[in-house]
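Participant: Chains as they are written, first to last, in this note's numbering: chain A, 109 to 221; chain B, 43 to 156.
Take these hints with a grain of salt, some might be off.
Capping the alpha-carbon separation at 27 Å, the derived lysine-lysine pairs in DSS-like fashion look like this [claimed, not checked]:
#, chain 1, residue 1, chain 2, residue 2
1, B, Lys103, A, Lys209
2, A, Lys165, B, Lys103
3, A, Lys165, A, Lys122
4, A, Lys117, B, Lys111
5, A, Lys152, B, Lys91
Output of the computed footprint for chain A on chain B, the stretches with three or more beta carbons under 8 Å from beta carbons of chain A [what the hints assert, rightly or not]:
#, region
6, 74-84
7, 106-113
Think of the hints as simulated: they come from the structure by calculation, not from any bench.
C-beta atoms are modelled at their ideal positions from N, C-alpha and C, and glycine is treated no differently.
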Amino acid sequence: NAGVTQTPKFRILKIGQSMTLQCTQDMNHNYMYWYRQDPGMGLKLIYYSVGAGITDKGEVPNGYNVSRSTTEDFPLRLELAAPSQTSVYFCASRLGGNNEKLFFGSGTQLSVL
Amino acid sequence: AQSVSQHNHHVILSEAASLELGCNYSYGGTVNLFWYVQYPGQHLQLLLKYFSGDPLVKGIKGFEAEFIKSKFSFNLRKPSVQWSDTAEYFCAVNAPSSARQLTFGSGTQLTVLP
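Okay, chain A solo, but in the shape it has when bound:
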C-alpha cells in the first residue's frame, strides 16, 4: 500500500490563479480530510468527507472547494489564490468507526505571490 499520496509537493502560484491539490489513498478509508498548517498555528481543518459523494466544511473552508467522487480521491481546489493561502497542506484519511488513527500524506508546500 502506498498510503496517502499528495501531489504536487511544491507549488508557487500568482495571486488570482487556480489550482487543484490532489490526494489519493489506497487503504479503502471512508474518511478523508484536508488540513492546512501554518507556523505556530497547528493544523486547521479545511474540509472533510465521510464517504464518496459526501463532503462538509471544516474550520477554515473559505477560498477552497472539494469533491469526493470516489472513495480513493479527495482533491482540494483553490479558485482564486490569495497570499493568505500560502501554507502547507496535508491530506489525511482514516478507516472510520472506532479506528481513529489518521494517516497523513507528505504535504504540499504552496506559496502565493
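We have chain A already, so just place chain B on it with the hints.
Facilitator: Okay, now just chain B, sitting in the frame of chain A:
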C-alpha cells in the same frame, strides 16, 4: 466546540534530559486524545492515543502520556530524550459525539542537542 492548548511553543533539551510537554483541552464530555509527531521533512504520524481505560498510555519510541480528567490534560513524557526525538509534537482531541473531526493544538517544537 473542543479546543486544544499547547503552551510550550519551543522546547530545547540536551540528550538524556527528561521531557514533559503540556496539553490541555476544553470539552465537557468524553474525548479521545492523541499525540502526533512530525519529524523534519516527514509527514505527521501517530505517537500514542487514549480512548478509555488506563489513563497512562504508552506509545512508540519510549513516549508515554497521562490523561488527567480533572485537569483536562494529556501531557506527553519521556524519561530520557535522544537527538532523534527532535521534531514537532501535536496534541489532538476528538469528541466521539462530534462530526469525527480532530482538533489539533498549535504544536511544540522540540530540539534535542547532542
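Participant: Evaluate each hint against the coordinates.
Facilitator: To see whether the hints hold, each was checked on the structure:
1. B/Lys103 <-> A/Lys209: With a Cα-Cα distance of about 17 Å, the restraint between B/Lys103 and A/Lys209 holds, given a limit of 27 Å.
2. A/Lys165 <-> B/Lys103: violated (35 Å)
3. A/Lys165 <-> A/Lys122: Holds, at roughly 25 Å.
4. A/Lys117 <-> B/Lys111: violated (40 Å)
5. A/Lys152 <-> B/Lys91: Holds. A/Lys152 to B/Lys91 sits at ~20 Å (cutoff 27 Å).
6. 74-84: Contact hint for the region 74-84 of chain B vs chain A: holds, 4 residues under 8 Å.
7. 106-113: Coverage by chain A is violated for the region 106-113 of chain B (0 residues, Cβ < 8 Å).
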